[in-house]
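Could you put together the complete structure from these sequences and hints?
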Amino acid sequence: MSETRLLIDFVMSVARISLPLTLAALAGFWSEKSGTFQVGLEGFLLLGALCGATFANLFHSLAPAFAATIIVGAIAGLLFFVFSGLLELDAILVGLVFNLLIAGVAPYVTKLLFGSTASTPFLPPQLHWTVFPYIWLAFIFFGGVFVFNKTGFGVLVRFAGEKPAAIESAGYSVTHVRLACLALCGAIAGTGGFFLSTYLASSYSPMMSAGRGFIALAALIFARWRWTQTFFVAVLFGFFEALEIYLQGLSSPLPVQFFQALPYVATLVILLLNRKPAFKW
Amino acid sequence: MWRVGLWVCSFTTVVLFAVVLVAVPANVVPAQPPIVRVGLILDRGGKNDNSFNSAAYKGAMKAKRELGVYVKYIEATDIMSFESMQRALAKKHFDLIIGIGFSQVDGMTRVAKEFPHTHFAIVDGKVDLPNVKSIMFEEQEGSYLVGALAARSSKTHVVGFIGGMDIPLIRRFEKGYIAGVHKYSKNTRVLTEYIGITGEAWNNPSKAKEIALTLYNEGADVIFVAAGASGTGVFDAAEESDHYAIGVDSDQDWMKPGYIITSLVKRVDTAVYSAIREQKEGKFRGGEEWWGLKNGGIDYARDQYNKKFLDTPTVDYLEQLKRDIISGKIIVPDYYKMKAK
Amino acid sequence: MKRAFYRYGIAAITGIGAISVLCLFAHESPWHVVQILLNTSLGEPEDLSVTLFYATHLMFCATGLAVAFQAGLFPIGAEGQLSFACLTTTMVAIMLPPTYFSLVIVLVTGLLASTVLGLIVAYFKCKKGAHEVITSMMLNFIVAAFANYMVSHHFQSHSSQDPETAIIHSRFWLFPSIFHAEGSPANVTFFLAVLACVAAWYFLEKTRPGFEIRAVGKSKSVAQNSGISVERIYVLALGISALLAGFGAWNQILGYAHKYQIGFSADYGFLAIAVALVARNNPLAIIPSSLFFAILLKGATGLDIETDFITRDFVKIIQAVLILMFLVLQKQRDKSRAEAEARRT
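Protein chains in written order, with the working numbering: chain A, 1 to 281; chain B, 1 to 341; chain C, 1 to 345.
If a hint is listed, it holds; no wrong ones were tucked in.
Reference listing, derived: stretches of chain B covered by chain A, where coverage requires no fewer than 3 residues with Cβ under 8 Å from a Cβ of chain A:
no.	stretch
1	196 to 204
2	207 to 218
3	229 to 239
In short, the hints are calculated from the structure, not lab data. Even for Gly, the Cβ is constructed at its ideal location relative to N, Cα and C.
Right, dumping it as structure tokens:
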């Protein structure tokens, strides 16, 4: 087993694991930056996974399924907005309820369309992207850098989160900004979920998001809500998970749980390394 | 905005209301004299985990079709709900209540005592009461067989095992498997990994796929997976990297033909069916009921999907091992017994 | 006045309409669904017992969270703190001989264990500037791994194949059941939980440290300028929060299961977040809020059993809509009150 081969495999592993995490975290960025605390990433991911597998099966092709997923994700974001923006309910509660709702609705969709309340039929290996997911991720990442830093919309988003009053006095509507951001969040997180069921697996299975939405939120917060840092922190989390998987496979006398706890302990260690001079905010 | 929000919700609700009124037919309750009423309480994995819960469900549905019994199935939400479900069904005078999974032992011990005239059955657990049939499987025997098969099929002399969580049941699979691997070839290495530390481990095919890819990269070419619904991830990995996998609980060979050497079949469906039939024919027997290689409760799958892996000499070899285990010539290490020391 | 009434009406009717849509879809009348929900969670003693047991867990965790939320923090570590408290309590109960002295140790260990976790979060927050969401989330996972390890490698019960510890000595079964049914989960700690809520309310509203916590929650800078040490308040809030979650061990281990089972928690720590938020972080309101969620939890099983169409998944939708409906009504009440205020001034 050559060293370079090992390294390449490991890097690919990190890339694969980080994919849904980065997309979800970057999606959450828009929501949080514009003022809506986002714990519903889990639900958006699951919805995206469901859409991905479902549409891919219906259209027998990935591209239209991808487009459809984006649309459904955006609509889900709008729905989220109805409760958090229009009805002004607490965003955290809306997120939690949203996760619950998606988890409950998904089996009915699969039952209606495929006769089973569990997974969708398996996608044949031809229906499998290998490079596009990363191209998309790059697009979202660099697109975000551009939009957030160089466009008026980016400015509006920043203000919507920090000084909503300023937007109103400038003649824009905070509501519209938050609406757009939530739609964006839903769409991007939806694509993260899309890859979960079509690239990282070959079908949708219930609850397959497995907590990734919350890890993505942690990445966002860890990076202090900065775009580029969020991306790298999400990749870092992916790195730790890949490392855990790799190390566990090497025969060792250490108990399994030691490795399983590794990513989380590592995160704490990194936080420890932060030398904060004083109690600063 | 608040008003807009309210109006949006009201309008949507009215529309949905109309849709539902129009599109959904009224529930026609079939007025049939209930024959035998069977309650099936599934473990948290749900009836479509493609693994032992779905096997139980299949067996019950088969009984419903062929024996004409009434089957009510429910899926548990959390560990506290088992007892409530068992009691509720018992109170409704169900004739036979079947619980799937070891988590139901505590509840059933109490409920079965409370309702001595109701019959109970539990899969993968033991309840020592006259009205409870404890259905247990000798998974380690089957794991031994597939272990030997894995070692025999492996060209790299490295095989893998992926478990869901580090719990006794899965350790049982693992130890039996490793013993079988070493029976065939003492030099074959076994790489083991566990998916996670919470219940999500049984529903994480993407992570299972990642672990499998890593194990394949570390040299394994056959991986046995015992992780509920996460198993499909391993099959994906097998297909993608042109290696092999072994499924568990139900016959999973059909999922990716050509890549799945066999499945360790745990005939939960047969056990459930037979328990229901016993009840229907009035021949219900409480006590322990062991299903293993001897009575076909545990076996390795042989069907049209894995024909190419199971040529005659291989089948002969496996059948000989089977006979030796049944006769007691080979003792397969049983993790449950190891722990009890 | 009339306008408010009219809007309450819209909100209520919409909520009921939404539930009705769901119920019709499930071939059930909404009234029947509500009936089942209430009946199967409060009807029989065994059912009520489970509901109260859930509520006990929710009350302890949610009250703790409420204290931290009122300080402006958002720790989500209740689940891990609860598990760690339960694990350590069990470990100690297994390892110690059943003496009076051991009783004290057993009682205190869980509380200490969970508090330590809370203090770790506080340390990271104050000294390292790390957000409590992350540190508490990581600790949750680390505790889960540790518990798995401890049970599977050291404390696995020899008489059971479940991933659980042996049963602790009956001397340690400190909290008797409330109901006489055997195996009834609800125990005396339910009343302790109610007491804890009241005590937390009193602490927050009527004591100086409580006041300081709330002040920091409302405005860090103003509080700091008034001489309150925000750092100290954070330590206090996170410590109390974790301590309260730790009492769940009294309920779970000493009051009911008498052993540590992997997967014992129906996500109490996470549900408690919703419980606390729905109660607007008011510990007194947490008492009915916990009951509400406990009924939803327990009733879910009942709905599955009593109806043909409603399954475990469908119940999630019903729960989601019910919670939303409640939130909308709550919001409407806020708006009405604000308008009434505005009209008076």
